[in-house]
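Line by line, the protein sequences are chains A and B.
So the first sequence is residues 1 to 121, counted in my numbering.
So the second sequence is residues 1 to 651, counted in my numbering.
There's no promise every hint is true.
Straight-line alpha carbon distances no greater than 30 Å define the calculated DSSO-like cross-link-like pairs of lysine-lysine that follow [stated by the list, open to error]:
#1 Lys2(A) to Lys73(A)
#2 Lys98(A) to Lys230(B)
#3 Lys461(B) to Lys2(A)
#4 Lys477(B) to Lys98(A)
#5 Lys461(B) to Lys112(A)
#6 Lys45(A) to Lys91(A)
#7 Lys161(B) to Lys59(B)
#8 Lys109(A) to Lys487(B)
#9 Lys161(B) to Lys98(A)
#10 Lys184(B) to Lys266(B)
#11 Lys112(A) to Lys477(B)
#12 Lys91(A) to Lys501(B)
#13 Lys4(A) to Lys461(B)
#14 Lys109(A) to Lys517(B)
#15 Lys109(A) to Lys161(B)
#16 Lys91(A) to Lys487(B)
#17 Lys461(B) to Lys98(A)
#18 Lys487(B) to Lys112(A)
Hint data in this document are derived by calculation from the structure and do not stem from the laboratory.
Spelled out, the chains give:
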Amino acid sequence: MKPKILIIDDESIIRRALRRVLESEGYDVVEASNGTEGLKLWLNKGPNLVLLDVLMPGLSGLQVLEEVGELNKVKVILMSAYSGAHEVIEKPGVFFLKKPFANVFDVVKTVKEILYDSGKN
Amino acid sequence: MEQIKVGLYKTHKPLQGQLVDLLKTQNQLQIEFIEVQGLLENSELTLCIGHFDQAQELKDIKSSWLVLTSAKDPTGWVRFLNHSAVVSLLSEDVSPEKILTELGRVIEEQVLVAGAGELVREHQTRNLHLKNLTIGLEELIEERTEYIRNAKQQAEERQKKMRSFLLFLKDLGPLLTLESALVKIREEFRSIPHVADVFLMTTDRGSELWTLSNKTLKSFKDLPLSFDSKSVERNSVAARPILANVLSRPVAKVMSLPFQLKTFKKSWLLVEHDAQDNELQPVLDFIMERIQPITLCLERVTSHDKYEKASHEWESVFDEFQDPITIVDKEFSLLRSNLTLPGGGTSKCYELFAERTSPCIDCPLASEVPIRAGGSSAEVRIKERLYRLTLFPILDVEKRQMNTYVCHYHDLTREREIHSRFIYHEKMLALGVLAGHVAHELNNPLTGIRALSQYILSDLKNQQETTFYQDLIEIEKGTARCQNIIKSLLDFTSADNEENKAFSLDQIVEQTLTFLKTALRSVSVEEDFQCQDVLTQANPNLIQQVIFNLVNNACQAMSQGGVVRLKTYHDNKYSYLDIEDIGTGIPTDILPKIFDPFFTTKKEGQGTGLGLSLSASLVKKYGGRLELVKTDASGTIFRMSLPCAKVSHET
Numbered sequence: 001m002k003p004k005i006l007i008i009d010d011e012s013i014i015r016r017a018l019r020r021v022l023e024s025e026g027y028d029v030v031e032a033s034n035g036t037e038g039l040k041l042w043l044n045k046g047p048n049l050v051l052l053d054v055l056m057p058g059l060s061g062l063q064v065l066e067e068v069g070e071l072n073k074v075k076v077i078l079m080s081a082y083s084g085a086h087e088v089i090e091k092p093g094v095f096f097l098k099k100p101f102a103n104v105f106d107v108v109k110t111v112k113e114i115l116y117d118s119g120k121n
Numbered sequence: 001m002e003q004i005k006v007g008l009y010k011t012h013k014p015l016q017g018q019l020v021d022l023l024k025t026q027n028q029l030q031i032e033f034i035e036v037q038g039l040l041e042n043s044e045l046t047l048c049i050g051h052f053d054q055a056q057e058l059k060d061i062k063s064s065w066l067v068l069t070s071a072k073d074p075t076g077w078v079r080f081l082n083h084s085a086v087v088s089l090l091s092e093d094v095s096p097e098k099i100l101t102e103l104g105r106v107i108e109e110q111v112l113v114a115g116a117g118e119l120v121r122e123h124q125t126r127n128l129h130l131k132n133l134t135i136g137l138e139e140l141i142e143e144r145t146e147y148i149r150n151a152k153q154q155a156e157e158r159q160k161k162m163r164s165f166l167l168f169l170k171d172l173g174p175l176l177t178l179e180s181a182l183v184k185i186r187e188e189f190r191s192i193p194h195v196a197d198v199f200l201m202t203t204d205r206g207s208e209l210w211t212l213s214n215k216t217l218k219s220f221k222d223l224p225l226s227f228d229s230k231s232v233e234r235n236s237v238a239a240r241p242i243l244a245n246v247l248s249r250p251v252a253k254v255m256s257l258p259f260q261l262k263t264f265k266k267s268w269l270l271v272e273h274d275a276q277d278n279e280l281q282p283v284l285d286f287i288m289e290r291i292q293p294i295t296l297c298l299e300r301v302t303s304h305d306k307y308e309k310a311s312h313e314w315e316s317v318f319d320e321f322q323d324p325i326t327i328v329d330k331e332f333s334l335l336r337s338n339l340t341l342p343g344g345g346t347s348k349c350y351e352l353f354a355e356r357t358s359p360c361i362d363c364p365l366a367s368e369v370p371i372r373a374g375g376s377s378a379e380v381r382i383k384e385r386l387y388r389l390t391l392f393p394i395l396d397v398e399k400r401q402m403n404t405y406v407c408h409y410h411d412l413t414r415e416r417e418i419h420s421r422f423i424y425h426e427k428m429l430a431l432g433v434l435a436g437h438v439a440h441e442l443n444n445p446l447t448g449i450r451a452l453s454q455y456i457l458s459d460l461k462n463q464q465e466t467t468f469y470q471d472l473i474e475i476e477k478g479t480a481r482c483q484n485i486i487k488s489l490l491d492f493t494s495a496d497n498e499e500n501k502a503f504s505l506d507q508i509v510e511q512t513l514t515f516l517k518t519a520l521r522s523v524s525v526e527e528d529f530q531c532q533d534v535l536t537q538a539n540p541n542l543i544q545q546v547i548f549n550l551v552n553n554a555c556q557a558m559s560q561g562g563v564v565r566l567k568t569y570h571d572n573k574y575s576y577l578d579i580e581d582i583g584t585g586i587p588t589d590i591l592p593k594i595f596d597p598f599f600t601t602k603k604e605g606q607g608t609g610l611g612l613s614l615s616a617s618l619v620k621k622y623g624g625r626l627e628l629v630k631t632d633a634s635g636t637i638f639r640m641s642l643p644c645a646k647v648s649h650e651t
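Bound-form chain B, shown alone:
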């Protein structure tokens, strides 16, 4: 049994001894009596027994008291019973047994009350504890909720970031040009604060900087300053003046990020920004996160640009090539060509190019012999023209087969024409030499015939009326004309060997006309000669050739006959000859070519194609000019001018 401590306040000493003795006889209660001096609460005490004389004293007691009183009428005390801690009120006259019994009852009651209080207290503590626990839990929950909310927000943030990053990746993916890539990169970088603009710079193979001006790529080559930085610079001092110089404007801060491309080994992404040092980290993080996809994208677009350019170059070479070039497959289907051909689709090359229904004769592709790797060629006639057709096989790397061919058509027609004209010219030269010989050989017998005729004529002086005499005169005249022709011919052919001399243009023109009789048969000649007394310095025989050519051309310009007007005149410096025909003029399409060597409108054998070109160069050689004065529907005028001989001025 628990020891109960009971306080004794102002009780009589004998009572204290009596109570202790009494307790010894009972074994029910174990009570320790402790004398207390004041009314202060003592938590160790279960109960106090006090002796009070005045009820007033009771108002200060707390806890539980067994009050003994000397008062006869305790009614005045009763009100305190209700309000104070007085648990029992006894008269001091009662026996110690009675006190002890009451004490036992009160203690028992007190213990019960104390137990209930304990229980209540315990409950209260537990409640408090629970309350605290609840509060803690609530706090925890709140904290957790907050944490979860934050985590969610962060996740959302991250997700948003990731989504924008992915979107950026997705946008970069299909871009093919540097321009579109730079537009995208700039748009992306400008979505964060502080970034103003983005530039791409390389110092590989000559320096170059790319920027955007209204979403259009602009390139600056040969940058004014050199740049070489291998690390990320948040505020590059070297890059800033380059940008400012190139853009001709003040530039904020420049972040330089080096990266390597296959196409441009030394490259930098320059980011113009206005971030303070403490604001820079997120910008840098943002950019660094994207630097790899950007590098990949730029790698792709720059190589694409390069290949595009190369391919474009190749294509323009292909298209600009003068000779026709086609690409065909084994079945003669035209895949590509540098010609503007009608139709298209699956048409065959021979249909489009040669307007045939079957492969061209001698086409190497049509022959049994396989096309050689170094090219197979043949001469092919296509629409009146002769081509050297060379086929080169194209190796299809994937199929390891040669199914397509490049066909190069080289037009031989003109070469052949020039060649045949050259041969013709050679023949003419040989003929000239031969004609010279023949003329010499003819001269001797002609001279004899003429001389004999003259002798006989003189012998028959007194028979002039006879037809015989008249016949002989005709013979003499005929031989005389033969001699003239031969002389002209010899002059004409031996021209190159002769020296320059002074002559009258009129005289040369008249001489030339003598052997143009055939050409002049169908046309009439109108002469207006005013250079009889003016001498010209040149090789007369060569000039004769020129006049011959010009008059001959004039005659040929009028196949139905007409008039050739020959007019000579002069000024102080030059003698002129105008040769005018009344033909239909020179067609405008050939006009630019008439002075070209080997250009001719005549059929083979009729002209060498050297006429006008050679004539012009001859006249030029002697300080003169050969020019086309007029050509229209009413006819053509050529003018030859030659410098006057100095001698004629002095005389």
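If we strip away everything but chain A, and leave its shape as in the complex, we get:
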């Protein structure tokens, strides 16, 4: 079974780029353009990993995390331009990715590593 990845980002071009790259790597990708929609998909689809943008209109990434509550082995990669964000969320299973990323394949690499580690556990 393919690992399921949920992308929550208000920037469509970023969602599209990430989806293309991750799908090419064989992941099952679902995407949401805002926090509310993302939260719904998170609860319905049960992703293995969520790529979550912090700064979004409406429900922010951090609020989404709060709503979700217990992660239940779901891995989260927070994406933000503000380097201070990862200090705010100190939670096991939550990772941090600084935007803008120079190479989109670095993102794929990070995703792979996290999922690989979780698979080991």
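Since the structure of chain A is already known, use the hints to place chain B on it.
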């Protein structure tokens, strides 16, 4: 008829009786006969009848005698007739009638003689009296003459005194300074004996003593001893040590004369003299006679001095005042100003000051509205500069009119400049914040574009020869550069929020150069970097701003293009960056001002005027220095030094 007394000397008794009887029969003569014993003169007797036997006896008789003699030959007696007082000589044999007749004749003669003698005597007495009178008169005349001469001399003396006094008054009259007054007073007092010198002393409003040294006024303040005497002291014991102390020399006697001036309530004229007590009165008289005019004169000169000083003070304030101040009349004629202006005379203020032919636009004096007592002001543009011109009317007390005005020009140009620069700076700050937002917003789509490009590129790995693939590479590169620029911009604008950290100066310089591309377009950059491995402790973003400013200035110093040499080097304590241009140097007149806030040579909008001043203060904040190393016709070098991070020494 007067009773005639006749003396009888040694005559016969019968003769005496016969003569008396005979006299009774005649009523012509009234004769009283008095017997005399000697020949002594008896002034009561008019005549004596004597009987002499010897002529020798006659030599002792005086006065007039009728001599009877017994001598037969009287020739021997005749010589006595000539020399003695014998008026008649008869023989004793003659009859008593004859004697009586002779007596009558002699008496008559005698009376006549006596009358003439009387007359002569009277004349003589009168002459004597006249003589005495003449002598008295002469004496009187002499006395009078002497008196007149003395009186004249005294009058002359008085006149001379009065003349010298008047001359002194006349000399005192026009004097205007304390110095000249004291010179005159001293000269006057020294014209009399015993006076050595004159001083003026006051204890009003702090003690002070004035003296003359070579006709120059010398003042001593805060006298060592106090003095207070309300009466004239001929030999003041208290004043003497003061003088001696102040003059640093022995002082003879000192006479102190108190007087009151409006300017100095408690004042004394001190006169140094060497007069003995008995010689002092004329000196004192002389001085007392002059004390009133002297007081008046000193009153005048001291107030004149005071007003002169006040007026001088006011004038220097007026002249030293930074802002231009003028006094003009209603017709704009310039009466006075604290400016050194060309020309003068009856020129108008606008001609001289503004170089105009008509009053300045908006000048309150040119408007219909009357000038207010508290001042009327307007903003007036004069030769490219903006002034706040305020006019204050001056009341002419005599004419009860306001015909002249004080004009105060306050230069607003600089204030306006600073204000506009301040606004510009605020705008720049806002722009920085805005740029930050824009940069963030741009980041997202850029990231997406780049990521997509990268994905497509990887997807087309086997079609690398196609132009499509090559085009995409350019897109990816372009977005990469955009991201770099945005990163720099964000670093630049969010500088204040960031912490100090250790960094290499070289790295910061290289980063800064990336967004100076526009400025560096017309110049070439020569780099000599030797601080790659040396870390500096500071806020890198702020330092970046400083470097940005310095390089930007260097580029602007060479409008026709040139070379900017950037050189980094270090010693044990500091890392250095030298920024050198090959421009024409900073003009010497603005050199002292280049580190001043808001000073700029650039046109509005090109520089904030905060560049160098802010840069210098930033660098200083991190323990470094920003200095001008060299500026001349061959170019300018600025040097920035920053302390090396301690970490780098330990590693």
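Do the hints match the structure? See the list:
1. Among the hinted pairs, Lys2(A) with Lys73(A) is consistent with the structure: their alpha-carbon atoms are about 16 Å apart, no more than 30 Å.
2. Between the alpha carbons of Lys98(A) and Lys230(B) the distance comes to roughly 99 Å, so the proposed pair goes past 30 Å and is violated.
3. With a C-alpha separation of about 25 Å, the suggested pair Lys461(B) and Lys2(A) falls inside the 30 Å cut-off, and the hint holds.
4. With a C-alpha separation of about 20 Å, the suggested pair Lys477(B) and Lys98(A) falls inside the 30 Å cut-off, and the hint holds.
5. This hinted pair checks out: Lys461(B) and Lys112(A) have alpha carbons roughly 22 Å apart, not beyond 30 Å.
6. For the hint linking Lys45(A) to Lys91(A), the alpha-carbon distance of about 22 Å falls within 30 Å, and the restraint holds.
7. At roughly 76 Å between alpha-carbon atoms, Lys161(B) and Lys59(B) are farther apart than 30 Å, so this suggested pair is violated.
8. For the hint linking Lys109(A) to Lys487(B), the alpha-carbon distance of about 24 Å falls within 30 Å, and the restraint holds.
9. The hinted pair formed by Lys161(B) and Lys98(A) fails the criterion: a straight-line CA distance of about 115 Å is larger than 30 Å.
10. The suggested pairing of Lys184(B) with Lys266(B) holds, with an alpha-carbon distance near 22 Å, which does not exceed 30 Å.
11. Taking the CA atoms of Lys112(A) and Lys477(B), the gap is near 26 Å; set against the 30 Å cutoff, the hint holds.
12. Annotation: proposed proximity of Lys91(A) to Lys501(B) holds, straight-line Cα distance about 28 Å (limit 30 Å).
13. The hinted pair formed by Lys4(A) and Lys461(B) meets the criterion: a straight-line CA distance of about 27 Å does not exceed 30 Å.
14. Annotation: proposed proximity of Lys109(A) to Lys517(B) is violated, straight-line Cα distance about 35 Å (limit 30 Å).
15. Only pairs whose Cα atoms come within 30 Å are accepted, and Lys109(A) paired with Lys161(B) is rejected, the gap being roughly 128 Å.
16. Between the alpha carbons of Lys91(A) and Lys487(B) the distance comes to roughly 29 Å, so the proposed pair stays at or under 30 Å and holds.
17. Distance check on the hinted pair: Lys461(B) and Lys98(A) sit about 27 Å apart at the alpha-carbon level, within 30 Å; holds.
18. Distance check on the hinted pair: Lys487(B) and Lys112(A) sit about 28 Å apart at the alpha-carbon level, within 30 Å; holds.
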